[in-house]
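K.L.:
Chain B: place on chain A using the hints.
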Amino acid sequence: MKDVDNWYYSDSVKKHFFHPKNFLNDDPRGREFDTVGEIGSVACGDIMKMWIKVDPKTERIRKLKWRTFGCATAIASTSAFSEIVTEKGGMKIDDALKITPQDIIKRLGGLPPRKMHCSVLADQAFKEAIKNYRS
Amino acid sequence: MKKRIYLDHAATTYLDPRVKKAMERCWSDDFGNPSTIYHEGRKAKRDIEESRKIIAGIIRSHPDEIIFTSGGTESNNLAIFGSANKYKKGHIITTKFEHHSVLNPIKFLEKNGFNVTYLDVGKDGIVEPHNVERELRPETILVSIIYANNEIGTIQPIPEIGKVIKDFREAHLEALLLSGSKASKWAVFHTDACQATGYLDMDVEKLGVDMMTVNGSKVYGPKGIGFLYVKRGVKLIPVMYGGEQENKLRPGTENVPAIVGLTEAIKIADKEKKEEMKRLTALRDYFIGRLIKEIPNVFLNGHPQKRLPNNINVSIMGVEGESTVLYLDNFGVSCSTGSACTSDSLEPSHVIMALGKDYEYGHGSIRFSLGKVNKKSDIDYVMKILPNIVKKLRLISAIK
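Chains A and B, in that order, give the protein sequences.
Residues in the first sequence are numbered consecutively from 232, following the numbering used here.
Residues in the second sequence are numbered consecutively from 81, following the numbering used here.
Same shape as in the complex, but just chain A:
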């Protein structure tokens, strides 16, 4: 029974799906975040929104929170992305902008090919937020 007890996705996807990290629990208050970005549409079945707080001096990401409507991999890839950019004192914006969908997929221990686009959305939502931050 080993095969069926192995989950449909990788263990890492499972962990991020059932215990997502850094999702935005309560609606943001006042100036809690510096910027927000959104990507996706209901038509395609995935919507991601990211809220970011940046340290103005170091340009490091101090806080990144998200909300996602979508399938398991959409949720897991946003959660994994949020971990990558906030761990070890937070990434610098310019470094975080270089994160590719492949980096997220690697972090998740792989994704089925038809689900690859979900991870593309996480980095896109981030880029949207930074575009808004810098404009």
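Watch out, some of these pointers could steer you wrong.
[As the list claims (entries may be wrong)] Straight-line C-alpha distance at most 27 Å; calculated DSS-like pairs for lysine-lysine: (1) A:K284 x B:K311; (2) A:K358 x A:K252; (3) B:K455 x B:K471; (4) A:K294 x B:K480; (5) A:K245 x A:K288; (6) A:K245 x B:K83; (7) A:K245 x B:K480; (8) A:K358 x B:K480; (9) B:K303 x B:K373; (10) A:K294 x A:K245; (11) A:K284 x B:K480; (12) B:K166 x A:K245; (13) B:K311 x B:K351; (14) B:K303 x B:K351; (15) B:K480 x A:K252; (16) A:K246 x B:K464; (17) A:K246 x B:K480; (18) B:K464 x A:K252; (19) A:K246 x B:K472; (20) A:K246 x B:K83; (21) B:K455 x B:K373; (22) B:K386 x B:K351; (23) A:K294 x B:K471; (24) A:K245 x B:K472; (25) A:K294 x A:K284; (26) B:K82 x A:K246; (27) A:K245 x B:K471; (28) A:K294 x B:K472; (29) A:K252 x A:K319; (30) A:K246 x B:K471; (31) A:K252 x B:K373; (32) A:K252 x B:K471; (33) B:K315 x B:K166; (34) A:K245 x B:K351; (35) A:K362 x B:K480; (36) A:K319 x A:K329.
[Stated by the list, open to error] Anything over 12 Å on all C-beta distances counts as not near chain A; from chain B, calculated: (37) K125; (38) P143; (39) K187; (40) D200.
The set of hints was computed from the structure by calculation and includes no laboratory data.
Idealized CB from N, CA, C, for every residue including glycine.
P.N.:
Below, chain B alone, put in the same frame as chain A:
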């Protein structure tokens, strides 16, 4: 392993133990090839012909009108391509929410020169017979309408549609006779009854159908077996060539154990459907009532009464169906988004979209289908865990 609660009987069913028992002797004892003339072959032949007679008795057809196939998909393909091969061109009527094994063959024909009308199914998921009437043309070769929809369980008015088609033919009989063509077009009426078999009236005379698809794996029978009822006089050109089995319409050595199993399953369904229908209807309505009352922003898809007694299909707003299915799976509950055949696709359910609803309804739809093993306590368990799952997924969701 943890106890599982199986709520996906529309995807497939377990074998009824009585079916398994009936099949047992066919594997190693009565294993002959029905096309041979010696003892073992004669015995196998008798098994098939007995099965054909029993099924014919239940659906009120002639035994030679039953063509055994490998299941629903093959039966639908045989009905559609068999007609298309015969007429070469013409007009086909179907609905927007057929199973993919009807929709995709017809789309293929459309690409290859056939004209196709895809009927609307309204917001309740039911085809209006007068809409069929309006679309019938002298060049219509085939009308294919599902008996009960596989995702939302809505039951189509097949006898009324059958009547509309019969009236149309009679009105055009004279024109047909005058044309003198041997290949006169004759709006053959096909229905896919895979989901209906276990619960609804299967009398082909009452239904007024010329072809009907049935399969084993939705009625506690074996997988890989089904049949196509083909009324005498309906001309099909086969889609596969080989031996002369099954009225020269379906070559290949017959799957005798599965045919015997299918027959037993249909026999049991016929005998027990009335009671089971009553029991499941009450359970279904109890489930739907609680879903709508206890979870905010949940909407039933399809007509509340004119649906299969085992089908519950709801859209849970703000939450994507696959996520709900996987959370429920983690709690030991099996159910589906839309149909199992499309869970590999990223498109929203074409059935929910055919009801004229927004994308959010399509992506948020989830189907529970009840069956023999289910009890009220199963529903109570789902209602204990589902509201919290939805609450959590809505908390994460970017749609509020």
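K.L.:
Are all C-beta atoms of chain A more than 12 Å from that of D200 of chain B?
P.N.:
holds, 21 Å
K.L.:
Take a quick look at whether K319 of chain A and K329 of chain A sit within 27 Å of each other, Cα to Cα.
P.N.:
holds, 17 Å
K.L.:
Mind checking the alpha carbons of K246 of chain A and K472 of chain B for me, to see if they're no more than 27 Å apart?
P.N.:
holds, 15 Å
K.L.:
Taking only the CA atoms, is the gap from K252 of chain A to K373 of chain B under or equal to 27 Å?
P.N.:
violated, 31 Å
K.L.:
Going by Cβ atoms, does P143 of chain B stay more than 12 Å from chain A at every point?
P.N.:
holds, 41 Å
K.L.:
Does the alpha-carbon distance linking K252 of chain A and K319 of chain A stay inside the 27 Å limit?
P.N.:
Holds, at about 15 Å.
K.L.:
Against the 27 Å threshold, does the CA-CA distance of K358 of chain A and K252 of chain A hold or violate the hint?
P.N.:
holds, 20 Å
K.L.:
Taking only the CA atoms, is the gap from K294 of chain A to K472 of chain B under or equal to 27 Å?
P.N.:
The hint holds at about 21 Å.
K.L.:
For the pair supplied as a hint, K294 of chain A and K284 of chain A, is the alpha-carbon distance within the 27 Å limit?
P.N.:
holds, 5 Å
K.L.:
Examine each Cβ of chain A, and state whether all of them lie more than 12 Å from the Cβ of K125 of chain B.
P.N.:
Fine: 40 Å to the nearest Cβ keeps K125 of chain B off the interface.
K.L.:
Mind checking the alpha carbons of K245 of chain A and K288 of chain A for me, to see if they're no more than 27 Å apart?
P.N.:
Since the Cα atoms of K245 of chain A and K288 of chain A sit roughly 36 Å apart, the hinted pair is violated (cutoff 27 Å).
K.L.:
Could you grab the alpha-carbon distance between K245 of chain A and K471 of chain B and see if it respects the 27 Å cut-off?
P.N.:
holds, 19 Å
Hint compliance for this structure: hints 1, 5, 9, 12, 31 and 34 are not met, and every other hint is.
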